[in-house]
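K.L.:
From first to last, the protein sequence lines are chains A and B.
Heads up: the first sequence runs through residues 4 to 254, numbered per my numbering.
Heads up: the second sequence runs through residues 4 to 254, numbered per my numbering.
There may be inaccurate statements among the hints.
Copies of the same chain look alike in the list, so a pair counts if it works inside one copy or between any two.
[What the hints assert, rightly or not] Pairs of lysine-lysine, DSSO-like flavour, derived with a Cα cap of 30 Å:
id	residue 1	residue 2
1	46	193
2	172	114
3	29	172
4	29	221
5	151	114
6	46	242
7	24	193
8	114	193
9	114	46
10	242	193
11	221	239
12	239	46
13	46	24
14	193	233
15	151	239
16	233	114
No lab work stands behind these hints: they were computed from the structure.
No experiment lies behind these values; they were computed from the predicted model shown.
Protein chains: 2
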Amino acid sequence: MKEERYTPNQAAISRLVGEIKQAEVKPLILIHGGGSYGHPIAKDHQIKGGYREPSQLQGFAKTHQAMVTLNGMVLEALLQEDIPSMSLPPSAFLTTDRGRIRFLELRPILKLLELGVLPVLYGDAVLDSTLGFTILSGDQLAAHLAIKLNAGRIIMGIDVDGIYSRNPKTDPSAQLIPHLTLHELREVLKHLQEETVEEADVTGSMAGKIQELIPALKRGAQALIVNAEKPGNIYKALKREQVLGTTLQAV
Amino acid sequence: MKEERYTPNQAAISRLVGEIKQAEVKPLILIHGGGSYGHPIAKDHQIKGGYREPSQLQGFAKTHQAMVTLNGMVLEALLQEDIPSMSLPPSAFLTTDRGRIRFLELRPILKLLELGVLPVLYGDAVLDSTLGFTILSGDQLAAHLAIKLNAGRIIMGIDVDGIYSRNPKTDPSAQLIPHLTLHELREVLKHLQEETVEEADVTGSMAGKIQELIPALKRGAQALIVNAEKPGNIYKALKREQVLGTTLQAV
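Construct all of the structure, not just a fragment, from the sequences and the given hints.
P.N.:
As structure tokens, this is what we get:
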């Protein structure tokens, strides 16, 4: 989905929003990635590495605005389904230091949850106290908020069935791992990191995703990684129904 | 401009963005209002008065999203002119208490100014610790930020030439007042407030605008109210050139 620019999958967005509507789980926070929107511009202008020259500023601005456009499609689908939702661009309420979340204003999110309005966040081009700007992944944001809000569960919808022993896109011997503890995770990470270079996008590979989750797992959160491209999976995950995927937890 | 819904004045947006481009004034923060976008939905669902029933939540969400849509047009025009700009929805980085700004995360705005990226804000549907939600005017936001950032000047572009002795839209004897001190302002306010009821929209009338400015004027800021519908006025105001309007300052 990340290769071509601006290929919105409106049908996928509508279906996923429908699954969220049907599941009716509260409290819930929705975080989406950049898909074909944020990544190519961010890469062209090397936004993740931070500010080096004035010509990048326009690229930084355009990366964020591309995310706003994608997010607008998600919001439209949510409001269409009568799910009261409000998007909060991370660039507006948090800053990072060397790519890690440093200051985050939580009050608007807390109030939305209290009112019963769905907060919608996303991976974003954000301001960084050392780098000037950088890219914040939705994964880091999810884990950070899970810790701050003491969330019980993080559900990650991706484009494969879960965590495999090898990269399932390139290695036919790859096996899906249904359950991983922190201890087992470190073993799997070793294999995955060898493949990081070719697979990496601006917000990191599967190895990066897992590494972001670790602090939240240590604090007691459970993470469930499922294939969001398969209809019904996000619904089942939200409803705690049996679903193909990988469950991660401390022990 | 506020009577009909969704009547974007793309030509006016482009012209005003062109004037900002030409003036090249830094540091600058741009704040826009709701025009035909935010106001009607906010009014229909009585968002300003706060949360009373669940059915308002969708109205609250839609009010904000309408502002996001309008703001997207402003951003598109700015990026088209190669002005690196980033919008920060006030609902994401501030909360109010009984309609007044209480907590505001300033770091992203400060970092944008430091980098030379134009922060773009707007009047918005925001979270309120007592009311649940309310409407924050761009006027309150402008005055609040002017104080926090110790800004020298606030330029307000409106649809009349400045402050008049009476409402110029209804009273032909109305006279434009070129300069007002705080002391003189209080006299003028008395007249204007008599007309507030029929003229008010969700973010208040001219009297409301002026009242929001007073704390900033007391701290030494100068405000200049000009007719933004007249081409060149915003450019002249930004460049400190002679322009028809009303200047407000403490003494």
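K.L.:
All the hints need checking, so say for each whether the structure fits it.
P.N.:
Evaluated hints:
In this assembly of identical chains, the alpha carbons of residue 46 and residue 193 lie at most 30 Å apart only when taken from the same copy (26 Å versus 57 Å across copies). When the C-alpha separation of residue 172 and residue 114 is checked against a cutoff of 30 Å, the pair qualifies neither within a copy, at 41 Å, nor between copies, at 40 Å. For a Cα distance limit of 30 Å, the shortest separation of residue 29 from residue 172 qualifies neither inside one copy, at 34 Å, nor across copies, at 49 Å. Proximity of residue 29 and residue 221 under a CA criterion of 30 Å is satisfied intra-copy only: 23 Å inside one chain copy versus 46 Å between copies.
In this assembly of identical chains, the alpha carbons of residue 151 and residue 114 lie at most 30 Å apart whether taken from the same copy (14 Å) or from different copies (24 Å). Taking the shortest alpha-carbon separations for residue 46 and residue 242, neither the intra-copy value of 37 Å nor the inter-copy value of 37 Å comes in at or below 30 Å. For the identical chains of this complex, residue 24 and residue 193 are neighbours neither inside a copy (38 Å) nor across copies (51 Å), given an alpha-carbon limit of 30 Å. For a Cα distance limit of 30 Å, the shortest separation of residue 114 from residue 193 qualifies neither inside one copy, at 41 Å, nor across copies, at 37 Å.
Taking identical chains as interchangeable, the C-alpha atoms of residue 114 and residue 46 lie at most 30 Å apart only when they sit on different chains, with a minimum of 22 Å there against 35 Å within one chain. Taking the shortest Cα distances, residue 242 and residue 193 never come within 30 Å of each other, neither inside one copy (32 Å) nor across copies (59 Å). When the C-alpha separation of residue 221 and residue 239 is checked against a cutoff of 30 Å, the pair qualifies only within one copy, where the shortest distance is 25 Å, while the shortest distance between copies is 58 Å. Proximity of residue 239 to residue 46 under the C-alpha cut-off of 30 Å is found in neither arrangement, the shortest distances being 34 Å within a copy and 39 Å between copies.
Only between protomers do residue 46 and residue 24 lie at most 30 Å apart by alpha-carbon distance; the minimum there is 27 Å, versus 34 Å within a single protomer. For the homomeric pair residue 193 and residue 233, the shortest alpha-carbon distance inside one copy (28 Å) is at most 30 Å, but the shortest distance between copies (65 Å) is not. Taking identical chains as interchangeable, the C-alpha atoms of residue 151 and residue 239 lie at most 30 Å apart only when both belong to the same chain, with a minimum of 25 Å there against 48 Å between chains. In this homomeric assembly, residue 233 and residue 114 never come within 30 Å of each other (Cα to Cα): the closest approach is 33 Å inside a single copy and 41 Å across copies.
The structure is inconsistent with the numbered hints 2, 3, 6, 7, 8, 10, 12, 16, although it conforms to all the rest.
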